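Q: Could you build all of it, start to finish, from the sequences and the hints given here?
In the order they appear, the protein sequences are chains A and B. The first sequence runs 1 to 481 under the UniProt record's numbering. The second sequence runs 1 to 481 under the UniProt record's numbering.
A hint or two may mislead.
Identical copies carry no separate label here, and so any pair may be met within one copy or between two of them.
[Stated by the list, open to error] Straight-line distance between alpha carbons at most 25 Å, and here's what the computed DSS-like set of lysine-lysine pairs gives: (1) Lys-302 <-> Lys-217; (2) Lys-456 <-> Lys-340; (3) Lys-246 <-> Lys-481; (4) Lys-324 <-> Lys-441; (5) Lys-218 <-> Lys-340; (6) Lys-404 <-> Lys-392; (7) Lys-324 <-> Lys-456; (8) Lys-289 <-> Lys-77; (9) Lys-302 <-> Lys-324.
Derived from the structure by calculation, the hints contain no laboratory data. Everything numeric in this text was worked out from a predicted model, so none of it was measured.
Number of protein chains: 2
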Amino acid sequence: MNLKSVNLTMLVDFYELTMAHGYFENGMEDQIAYFDMFFRRVPDEGGFAIMAGLEQLIEYLKHLEFTDEDIEYLRSKQLFSEGFLTYLKNFKFACDIYAIPEGTPIFPNEPILTVRGPIIQAQFIETMILLSINHQSLIATKSNRIVRAANGRPVLELGARRAQGADGAILGARAAYIGGCKGTACTISDRDFNVPALGTMAHSWVQTFDSEYEAFKKYAELYPENCTLLVDTYNTLKSGVPNAIKVFKEILIPKGYKPGAIRIDSGDAAYLSKKARKLLDEAGLHETKIVISNSLDEYIIKDLLIQNAPIDSFGVGERLITSKTEPVFGGVYKIVAVEKEGQMIPKIKISNNIEKITNPGSKQVYRLYDRDTQKAIADVITLAHEKIDDTKPYTIFDPEHTWKRKEITNFIARPLLAPIFLNGELVYTSPTLEEIVTYSKEQIDMLWEEVLRFEKPHRYYVDLSEELWTLKTELLEKYSK
Amino acid sequence: MNLKSVNLTMLVDFYELTMAHGYFENGMEDQIAYFDMFFRRVPDEGGFAIMAGLEQLIEYLKHLEFTDEDIEYLRSKQLFSEGFLTYLKNFKFACDIYAIPEGTPIFPNEPILTVRGPIIQAQFIETMILLSINHQSLIATKSNRIVRAANGRPVLELGARRAQGADGAILGARAAYIGGCKGTACTISDRDFNVPALGTMAHSWVQTFDSEYEAFKKYAELYPENCTLLVDTYNTLKSGVPNAIKVFKEILIPKGYKPGAIRIDSGDAAYLSKKARKLLDEAGLHETKIVISNSLDEYIIKDLLIQNAPIDSFGVGERLITSKTEPVFGGVYKIVAVEKEGQMIPKIKISNNIEKITNPGSKQVYRLYDRDTQKAIADVITLAHEKIDDTKPYTIFDPEHTWKRKEITNFIARPLLAPIFLNGELVYTSPTLEEIVTYSKEQIDMLWEEVLRFEKPHRYYVDLSEELWTLKTELLEKYSK
Numbered sequence: 001m002n003l004k005s006v007n008l009t010m011l012v013d014f015y016e017l018t019m020a021h022g023y024f025e026n027g028m029e030d031q032i033a034y035f036d037m038f039f040r041r042v043p044d045e046g047g048f049a050i051m052a053g054l055e056q057l058i059e060y061l062k063h064l065e066f067t068d069e070d071i072e073y074l075r076s077k078q079l080f081s082e083g084f085l086t087y088l089k090n091f092k093f094a095c096d097i098y099a100i101p102e103g104t105p106i107f108p109n110e111p112i113l114t115v116r117g118p119i120i121q122a123q124f125i126e127t128m129i130l131l132s133i134n135h136q137s138l139i140a141t142k143s144n145r146i147v148r149a150a151n152g153r154p155v156l157e158l159g160a161r162r163a164q165g166a167d168g169a170i171l172g173a174r175a176a177y178i179g180g181c182k183g184t185a186c187t188i189s190d191r192d193f194n195v196p197a198l199g200t201m202a203h204s205w206v207q208t209f210d211s212e213y214e215a216f217k218k219y220a221e222l223y224p225e226n227c228t229l230l231v232d233t234y235n236t237l238k239s240g241v242p243n244a245i246k247v248f249k250e251i252l253i254p255k256g257y258k259p260g261a262i263r264i265d266s267g268d269a270a271y272l273s274k275k276a277r278k279l280l281d282e283a284g285l286h287e288t289k290i291v292i293s294n295s296l297d298e299y300i301i302k303d304l305l306i307q308n309a310p311i312d313s314f315g316v317g318e319r320l321i322t323s324k325t326e327p328v329f330g331g332v333y334k335i336v337a338v339e340k341e342g343q344m345i346p347k348i349k350i351s352n353n354i355e356k357i358t359n360p361g362s363k364q365v366y367r368l369y370d371r372d373t374q375k376a377i378a379d380v381i382t383l384a385h386e387k388i389d390d391t392k393p394y395t396i397f398d399p400e401h402t403w404k405r406k407e408i409t410n411f412i413a414r415p416l417l418a419p420i421f422l423n424g425e426l427v428y429t430s431p432t433l434e435e436i437v438t439y440s441k442e443q444i445d446m447l448w449e450e451v452l453r454f455e456k457p458h459r460y461y462v463d464l465s466e467e468l469w470t471l472k473t474e475l476l477e478k479y480s481k
Numbered sequence: 001m002n003l004k005s006v007n008l009t010m011l012v013d014f015y016e017l018t019m020a021h022g023y024f025e026n027g028m029e030d031q032i033a034y035f036d037m038f039f040r041r042v043p044d045e046g047g048f049a050i051m052a053g054l055e056q057l058i059e060y061l062k063h064l065e066f067t068d069e070d071i072e073y074l075r076s077k078q079l080f081s082e083g084f085l086t087y088l089k090n091f092k093f094a095c096d097i098y099a100i101p102e103g104t105p106i107f108p109n110e111p112i113l114t115v116r117g118p119i120i121q122a123q124f125i126e127t128m129i130l131l132s133i134n135h136q137s138l139i140a141t142k143s144n145r146i147v148r149a150a151n152g153r154p155v156l157e158l159g160a161r162r163a164q165g166a167d168g169a170i171l172g173a174r175a176a177y178i179g180g181c182k183g184t185a186c187t188i189s190d191r192d193f194n195v196p197a198l199g200t201m202a203h204s205w206v207q208t209f210d211s212e213y214e215a216f217k218k219y220a221e222l223y224p225e226n227c228t229l230l231v232d233t234y235n236t237l238k239s240g241v242p243n244a245i246k247v248f249k250e251i252l253i254p255k256g257y258k259p260g261a262i263r264i265d266s267g268d269a270a271y272l273s274k275k276a277r278k279l280l281d282e283a284g285l286h287e288t289k290i291v292i293s294n295s296l297d298e299y300i301i302k303d304l305l306i307q308n309a310p311i312d313s314f315g316v317g318e319r320l321i322t323s324k325t326e327p328v329f330g331g332v333y334k335i336v337a338v339e340k341e342g343q344m345i346p347k348i349k350i351s352n353n354i355e356k357i358t359n360p361g362s363k364q365v366y367r368l369y370d371r372d373t374q375k376a377i378a379d380v381i382t383l384a385h386e387k388i389d390d391t392k393p394y395t396i397f398d399p400e401h402t403w404k405r406k407e408i409t410n411f412i413a414r415p416l417l418a419p420i421f422l423n424g425e426l427v428y429t430s431p432t433l434e435e436i437v438t439y440s441k442e443q444i445d446m447l448w449e450e451v452l453r454f455e456k457p458h459r460y461y462v463d464l465s466e467e468l469w470t471l472k473t474e475l476l477e478k479y480s481k
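A: Here it is in structure tokens:
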């Protein structure tokens, strides 16, 4: 069995059903509506997030179907009309969905996914759109922070045991790989998504044998290639590292294998890695690597490297798989327009919180790149029918401080929202995970380093087109009366 | 299809497989080992946690099976012998598992689940034991904190869209219900686990109609019972509440329905609920309830109630479903003994971190209750063969400060670890979710209020029996030489 084929149609907030029923009973099942997904701030006060989770959302939408069991369950709630239950039974997905491809750097307030379709449907899919994109974008973003902190040293994702549920582990490993991790401990993520799975030994292996030396020896005999020994079960420097050295010299080197690696999973990583490095070097094992895996995240890794801890790679668990310092990606899904007699009526939500005001209308997002440096200059949110012509100068302006204007020349404009479903038909071919990883790295390299900074990064420009800005301003004035 | 039946055998840390193969190749497949799951600290500096996730762990263990696809995948890694792959193909679960039942208050350092069995198996199941219990215990514990802060007012779980994956939402709702939430927005958790699902409307409902008044009217006509109207789409006090009052008076009251509820999802909850209450009362709608649902957790709820905000119930989303302030439950799984020639050899892990030292040997946990007050006095971890006789006085002592002793009389001793699997056979009947909820509430009521306190709760005693303490001290002395 493969998790990919699980029918999650009923993973839906109950209010999507009460509203759907309400639309149906009011004769509005053919009412067309437009929704945007966007988020309001980057986790960990970072400069950008990374889009992820689209492939799993596509799987969900492909399998949207109410089983007889579902209909029976809904009937038992004694809330819904038989007509509505029949509608659900015959449900055929018919929305248009556009989305920013996985691996793309994304920024607050821009639509990262848009939906147009019958309001019952467009509303119904809200829960899983948000769940899927929020979860994986959160982990891909966190993973990339940790990978950037490690500054070229490989990072492995080891968090399954502390993940928030099976999908948290399985898809978390996928998202972590998109963010730049080199592999995972989670075997099923390798089987189902080709995230390379790796693993060596736990403390229990060492404890099961009569001595640490014997445990290491048995392991090295069976796995002489990339042999990583866990050295902190009893005493890292007095017992673990000396026993590892002995085994590397007795078993690996005579047979022509590389002198392996040691893993330290407790104690002070800077102190122990320096002392261990010294012991290894004194034994002539200059090539033996040191792996650290004790409650790490980007903050600790940065600090360890500032202290010149001689660490070759990092295993990161709970703080990556749950994005511990900020475990929520706050993507929202808001109605932006309805159609009436074939005409689009833009909608806006005012709210008591200024930052919760939405951008009205059906939209596209353009990323403008400098032709010379290839760096991304700004994103511009336009109405869907607008085209940004990059053969002519284009003026961007701050939507709040409109006197802040800048004319852009010599640029490339690339639309970010790609068609995924049109009228319910899948029109998008998901790239392979490797392609996503490569693309993501390229796109992140096209951000100015000011945006990549961990502390107080430069706020990347996300502007509105003149036409969208005018529409929004008019609606705000109308509703504030 | 039902998520309960998904085969998650391959949701396993890869090192469980490399070690299993190592044991197999060293002729140790019949080696018996003992493991404990325990945790080291309560999230959010709380006084206790709540055990949850056992039923899903049982489902996983019942379905442990390597498919041909799994074997083929493992063969493709070119690491494992054919003999080992055949062993996996014929894998038959044969462990003994004891666990503390779901809903029980649990405390740091005591075994909450123990395993005895062939080391390959006992090791293999580590990942899912930890994942399942860690996740649901985390959410049940957080839910209970929020429910206690709400002090009798119903709390609903609304977090699916911000959950870390589908299981995070589905099983998170289950765990939240164990912790005391009255329901969830997550429909599938109702279908599969009987967690009552509830829901009303989103802002999009209000925006889809030509006016807020019309949106409310249509909704109230369809759902006159428990009619909850979302009042903050445009302007809570100037538009939302007045329109709700109008609709309650026009639609509900003439037909004899209760005058519903209003939900406020943005702005300052204390200010808006007080002003809204005043408007409702002035309109004679004293029975209309006020529901708040904007980024809540136990800290904000406590503060709102200190300010006498007239809130009748709380909807809690992302901060519950991810346990945002502390999104990791740090349960670990450690080897505590092996058998050699039929005799148990206790094992200990020393570690560079004192708090990571383990308790050796196969164990039981007794909870001692005062016969008069019914309150829990202390937990005592004993070796498995020990019995605490509650007809005689029993002396507990602090395992670190052994001069701190106390003789307990007039008490009931209840063993907490119950048999779940014996020799691989399921011997436990999972209680219904309702039974777990009732049992959990009873057990929490048996804790002193000092342990229930949010800030700096009293540290509940978890002591070692004299025999276990002596064994541990001897092993520590042996290994520190």
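Q: Next, verify each hint and record whether it holds.
A: Going through the hints against the structure:
no., hint, verdict
1, Lys-302 <-> Lys-217, "neither (34 Å within a copy, 57 Å between copies)"
2, Lys-456 <-> Lys-340, "neither (45 Å within a copy, 59 Å between copies)"
3, Lys-246 <-> Lys-481, "between (81 Å within a copy, 20 Å between copies)"
4, Lys-324 <-> Lys-441, "within (24 Å within a copy, 29 Å between copies)"
5, Lys-218 <-> Lys-340, "between (74 Å within a copy, 18 Å between copies)"
6, Lys-404 <-> Lys-392, "within (20 Å within a copy, 82 Å between copies)"
7, Lys-324 <-> Lys-456, "both (20 Å within a copy, 23 Å between copies)"
8, Lys-289 <-> Lys-77, "between (60 Å within a copy, 23 Å between copies)"
9, Lys-302 <-> Lys-324, "both (17 Å within a copy, 24 Å between copies)"
Hint compliance for this structure: hints 1, 2 are not met, and every other hint is.
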